[in-house]
Structures are given as C-alpha cells and as structure tokens.
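The listed protein sequences derive, respectively, from chains A and B. Residue numbering for the first sequence follows this note's numbering, starting at 1 and increasing by one per position. Residue numbering for the second sequence follows this note's numbering, starting at 185 and increasing by one per position.
It is possible that part of the hints are untrue.
[Unchecked claim] Chain B regions said to be covered by chain A (calculated; three or more residues, Cβ under 8 Å):
{"no.": "1", "stretch": "219-233"}
{"no.": "2", "stretch": "238-246"}
[As the list claims (entries may be wrong)] To give an idea of the chain A side of the interface with chain B (calculated C-beta under 8 Å), a few residues:
{"no.": "3", "residue": "G33"}
{"no.": "4", "residue": "P85"}
{"no.": "5", "residue": "L128"}
Rather than coming from a laboratory, the hints here were simulated on the basis of the structure. Since the model is a prediction, treat every value here as computed from it, not as a measurement. All C-beta atoms in this analysis are idealised placements derived from N, C-alpha and C, irrespective of residue type, glycine included.
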Amino acid sequence: LRPIDIVFESLDRVDGSASFAFGPTKALASVSGPIQVRLPAEQPSKATFEVLARPLSGISDTDAKSFSTVLRTLLVPCLVLTQNPRTLIQLVVQSLTSTTPNQDPSLAAAFINASSLALLQASAFPMLGVVCAAAVGHIKRHHSEPELNSERFLLDPNAQEIRECDAVGCVAVMFRSRNTSSLR
Amino acid sequence: MLMSGLVLPGDVIPNTSKSSLKLGPGLLQLSSTSSKHVISTRAGLLNQTANGSSFWVESNSRRYVPAPQEGVIGVVTARAGGGEAYRVDIGSAHPAQLDGLAFEGATKRNRPILKVGSLVYARVSLAHKDMEPELECFDAQTRKSEGFGELKGGFMVKCSLGMCRLLLNARHFLLPLLGSTFPLEVAVGTNGRVWIQSGEVKQIIIVARCIEAADPDGGRMDENQIKTFLQKIDP
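Bound-form chain A, shown alone (with noise of 0.2 Å):
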C-alpha cells in the first residue's frame, strides 16, 4: 500500500467534507444532508441520495457521469434513506488527479474512502456500515513447467506495478455488524 492520507478537510458551506490519498492519487468529497431537495426530485418515503463525480479539469463528462452512477449503487447500501423522507443527501466527489476513475481504479477506490469519510463527518443521517475500497492488481506468472505457474495480487498497485498486471481492478467491502464487546 501507498502511504495513505486522510483529512477531514472541514469546508465551510458543507455539512462532511474530507480527502483521501493513495500516495499521489487523491480525492475529495462532501457531503450536504438532510437539505431541501428540488420537487421533482423528492420521494414521499425516502431521501434522495444524489451523487456528482467531478474531474480535476473540465467539465463532468459521461465518464464522470457513469462513475457517479456507480458510486451511487455502491453507497446506497449503507444508508438509512427512510428516516428522512423529502429530503436530499448530495455528495460530491472531486479527483485531485489528472487520471479518471473508470481507467484508474486506484483513484475510484481513492473516491470511494473519501465519500465514507465525508458521510461518517456529516452525521446527521443514519448509516448501517462504512465501505472501503482499494484496488487490487493479479499478476500470473507463466513458466515452462507448469508446477512453478504462480499467481499472486497485489494490493493498491502503483504506476509501474500496473504495467506488469494483467488485470487490475477496484474492490469495495462494507464492515458492518462488528461486535464491540472487546471495546473498552
């Protein structure tokens, strides 16, 4: 793994906010909740979870579009949405590298950290567990007997490691349910 950092960033005008970073690899999240939500937008029984993906440069393209959809589907499970009907939760995401999350997955795991730690600041919504992600890279290893065929994965690959995978992807968990009683 790359030295991992966090920061609760603590911006003004947001309710959660904090970055996350694998070595280089950055991201930024907030997250704005219970607020008023626009009336088409508002559910009778439920909140309406909402997520924009925004690169380092330009505007939000399908890329960004497509990963905002995925993040969504992702952190979905882990709130609580009918505790807070007619109102909205909005996170949004910003990558502080140049790279792009569908082809980086480093950086979708970075942007996956990041919105945990943004919801768990916020606090004002109920959340049954947190997920982390980070991306993980399988190297095989041909040989000419094929007794010494190895295969192994790589945790959090960087740059140069990437380039001797032969699949790289990113892995989210969500912890939950973890007994406390050793706590104290």
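For this one, chain A is given, so just place chain B on it according to the hints.
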C-alpha cells in the same frame, strides 16, 4: 455516564438484550426472525447511564434534524395560512410552521405581529419525519412564555450542534466567563444557532468570535486558550 467507546455505523452494541431499554440518538434496533440487535447508526462515542438502561451515541454535526421539545432559534420567512401562521426557517430540511396564536396569552384580537426577518426562540412541538415541523412559543407544561418569543435586537451566530449542547450545559466555562466580563444576554438554540445581545456592538463581536473559537468543529480552544484569545482581542 460510566462507559464510553468509539463506535462506527453498523457496530453491534453489547448488553442490550434487556426488556426495557432506552435508545437515544444514534442507535437503531434491528429485529429479524433470528435475533434482535441494537446497532449504532453514526460514528461517535457510545455512552450509557450508570445502570445500563439508556444508551446513546455522542457525535458532532452541522445539520439540524428537528426533534420534539427542543428550543430552537428561527427566522420568520413568510406569513402563511391566510396571515394566521408564520413560516419559520430553523435550519432543517423543511421550514417550520409557527401558529399566530402559539404565544402566551394570545387571542384573536390581541397577539404579537412578527415581521418577516425577525428572530424567534421557540419550542419544537411536533417533529415527525413525514410532516413539517411545528413550533410553539410557550412552555409545554406551564403554558407561559418562559423565555420563548421574539428576540429583539442582538445578533445571531451559527455554530455546530455539539457547541450548542456544550453552551446549554451549565458546567461549561464559556458563557459564565464572558458574562463576568460584561453584561450579556444569550439564547442558545439546539439547531446550531446562538442569539447574542449585549451593551456594545464590540462586546457582541467578542462573544461571537469566542463561540467560533471554542467550537469543537472550529477553533477547538479550551478554557486557557480562550482566556489568552480574549486578552488578544479585548485588551
């Protein structure tokens, strides 16, 4: 409040299988066919009363979600209900309704008229997730104003919800420290808003800056740091 430990959302709270248990903010009971669990729904410190009958999770946030019987400070934004009621902004997702007759000794012919933009200190009488919150400007039991009503003059500052709870605690240092220096009138709303009235504008500004400095979400200063800070801004 004997034991406290850090909890994250989704953490199962032990020792909660008693039949009569009070769950405070930040806790949710999940019941399925196999078991009943109490889980934490936010990140914070788990506290419980000495006899283990009440649990709650202590955390700070900036966004107010209305709860009944809380004193809040609101800004009148409009007259509603044909002039009979007021629409008040209390910082929640939905604006609250304050009835024109919800004041001490108000009758149809004799009731206070609030202008748009005026501040009120009111009690949340109804806070349900499916309905708009409702406010009243009198105490629930005595039906007298008990400090609720219009707040004339002064200045309103915003702070985090945790700071408001600290200010409402009689043992916190800040308000007695400031009150011993100059005459001060303060109304603290649990919705993240504090109204300050004092003799001079300069004193109001000092109080506002001290609240910002002592806020656990802002300056995070303790008593000695605030005293040094006061020396700097008011020599």
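Outcome of the hint check:
1. 219-233: Three-residue rule met by the stretch 219-233 of chain B, so holds; n is 7.
2. 238-246: With 4 residues in contact (Cβ-Cβ under 8 Å with chain A), the coverage given for the stretch 238-246 of chain B holds.
3. G33: This hint holds: A/G33 lies near chain B, its Cβ roughly 7 Å from the closest one there, short of 8 Å.
4. P85: Because about 6 Å separates A/P85 from the closest Cβ in chain B, which is inside the 8 Å limit, the hint holds.
5. L128: holds (5 Å)
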